[in-house]
Amino acid sequence: MTGNMHLGVEEPIRECQYNQICTHNSSPMDTPHTKKKKIKRKWQVFPGRNKFYCNGRIMMAKQTGVFYLTVVLILVTSGLFFAFDCPFLASNLTPAIPAIGGVLFIFVMGMLLRASFSDPGVLPRATPEEAADIERQIDTANGPSGPGYRPPPRTREVVINGQTVKLKYCFTCKIFRPPRASHCSLCDNCVERFDHHCPWVGNCVGRRNYRFFYLFILSLSLLTIFIFAFVITHVILRSNRTGFLSALKDSPASVLEVVVCFFSIWSIVGLSGFHTYLISSNQTTNEDIKGSWSSKRGKGNYNPYSYGNFITNCCAALCGPLPPSLIDRRGFVQPDTPQPVAQTNGTGACPSNQVQSHMAATNPLLHSQPIILGGGAPLQAKTSLGGPCSTLGPSQASLPSSIPGLSCGGELMALRDSEIHCHHHLHHQHFISPEETPSPPAALPCATHLGHHVHPAQLFNPASQDSLHEDSVRGLVKLSSV
Amino acid sequence: MATEFHNLQELHHSASLATKVFIQRDYRDGTICKFQTKFPTELDSRIEKSLFEETLKTLNCYYAETEKIGGQSYLEGCLACATAYIIFLCMETPYEKILKKISMYIQEHNEKIYAPRGLLLTDPIERGMRVIEISIFEDSGSTSSSGSSPSSSTAQ
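So the sequences go chain by chain: A and B.
Under my numbering, the residues of the first sequence are numbered 127 to 608, in order.
Under my numbering, the residues of the second sequence are numbered 19 to 174, in order.
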């Protein structure tokens, strides 16, 4: 059944250059005219809004600007620490300090890259036959409907461990979502055990990369505390010898590091604490925000997925088996296989070529689709989204229940206070509204931030459209397709 | 009424696809991978109920094994974490090993049991672990029409 068609030797190093990938791929527009049979890999025809690198080995969300910021912040702060503080500390205290710092740093970067580059647990879309089969089942279940009659929302109920759970139908992916799965409007994919979409990591956090995400924030907390503590130690030791002001003059980098670490610690340690709580109770951020298993919903409402005790829950989340990716990104597309419906509110005819080029691309990315749908898509997807954005309003009151003082949106680094951070996110082009808000804030500034999110799309359409258009004109296209 | 084929090759060459039946997931035990064992009516005339149910039970057992949480999986998990998960770049995860076993099992059963009856099971991994797709083939020469109302099992 599988045609044994190898494209030859894999050349991963060469293929990591974005230019070359861009020029090798042909747009689907060309294929009817060229008689050559070009075998495509599945990532090239992937219907979601993801970006793929290294010939499908790396998978990220569409907007990765904030991820690069995260990387830069960690690299710069750690770099300054190793360059300016470690020599002093190694010679005056112990060389174990840079050694431990080095190990921590490598672990942090490793976990970050693993969390960012893995498939979070994307569910492939239904094949046309599956979709038709489900439609038939739904129609028979709902009964005949007249023209103009809007069918009720499609749900199925299932009893799991004594709790009734509603399985919702995803209109984009044409499947009934498994329990705990949710559709990410930013990536336009259904993700298993969906936690949240993290802009700092540049990817969704789901079943397959949650443990990497958790280990990343945990190790980053340790690294931040480590750097903070030892930079302070360094400054104190120096001040004892030469006085405080000249100590600062001798080691100016330390000031920057202290500032970065000080503001990061609050958010990152808080986030780690929050996720530790989630892991110990076997909940996702999504479920916690919606209060799905909160006792406030009613008596007898409990989490059916919890194993009952905190240790088993932790072990299951962190040491449980790691399922393989279901989307087979590097597999070859079978020429006679009908592709799943790529109905992503605007991608329409040209689902392929998610690869982007950062360099001035020879062909400004292939399909300059109208960009308005960038704002429209999240809105449309919201109707089928079981995610936090649609329920943020009513559940707002219950948000602070389980969270210690957190600032909104994933980890915070080097930003003065949460209000600025929130506004920064509002004005930032890489605005990640619906899935970003899941880290519920307790502070007031973020409540206003949440309020803003009621009309995110309208606020941003013109701005993003203009700047993206500008980008494409310059040849630096940031979006592949809407 | 059952069409007869001698092997998988013959199935592909001389048969035409009549319809597909989808066995959905059974979520009553949570998010673990398990398929409903209800026997679809379309297969009534094609295969014995017991045979089919046995296949499904075996598959469910295999999948349960993949998601089993116990001493061994913890050890593997901790070891992987200690090596910063680099170890999984070099070797197969236990999950993948069992999935390979499942593929072979399905292929074997297709050849021995299902193809002779004009049926073909698709490995669920190719459908995102959502369904077991069973293709029902008709012999192009035969006049039987079994591809009627294909509403498969809907029970939770």
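In short, the hints are calculated from the structure, not lab data.
We put the beta carbon where it would ideally sit given N, CA and C, even for glycine.
Some clues are possibly wrong.
To spell it out: a stretch of chain B is covered by chain A in this simulated footprint if at least three of its residues, at any positions, have a beta carbon under 8 Å from a beta carbon of chain A; those stretches are [claimed, not checked]: (1) 82-93; (2) 108-115; (3) 119-128; (4) 146-155.
How the hints compare with the structure:
Coverage of the stretch 82-93 of chain B by chain A holds. Counting CB-CB distances below 8 Å, 6 residues qualify, and the rule asks for three or more. Against chain A, the stretch 108-115 of chain B contributes 4 residues with a C-beta closer than 8 Å to a partner C-beta. That satisfies the three-residue criterion, and the hint holds. Closer than 8 Å: that is the beta-carbon criterion, and the stretch 119-128 of chain B has 0 residues meeting it against chain A, so the requirement of 3 is violated. Counting residues of the stretch 146-155 of chain B whose beta carbon lies closer than 8 Å to any beta carbon of chain A gives 5, which meets the minimum of three for the stated coverage.
Going through the hint list in order, the structure does not satisfy hint 3, though it satisfies all others.
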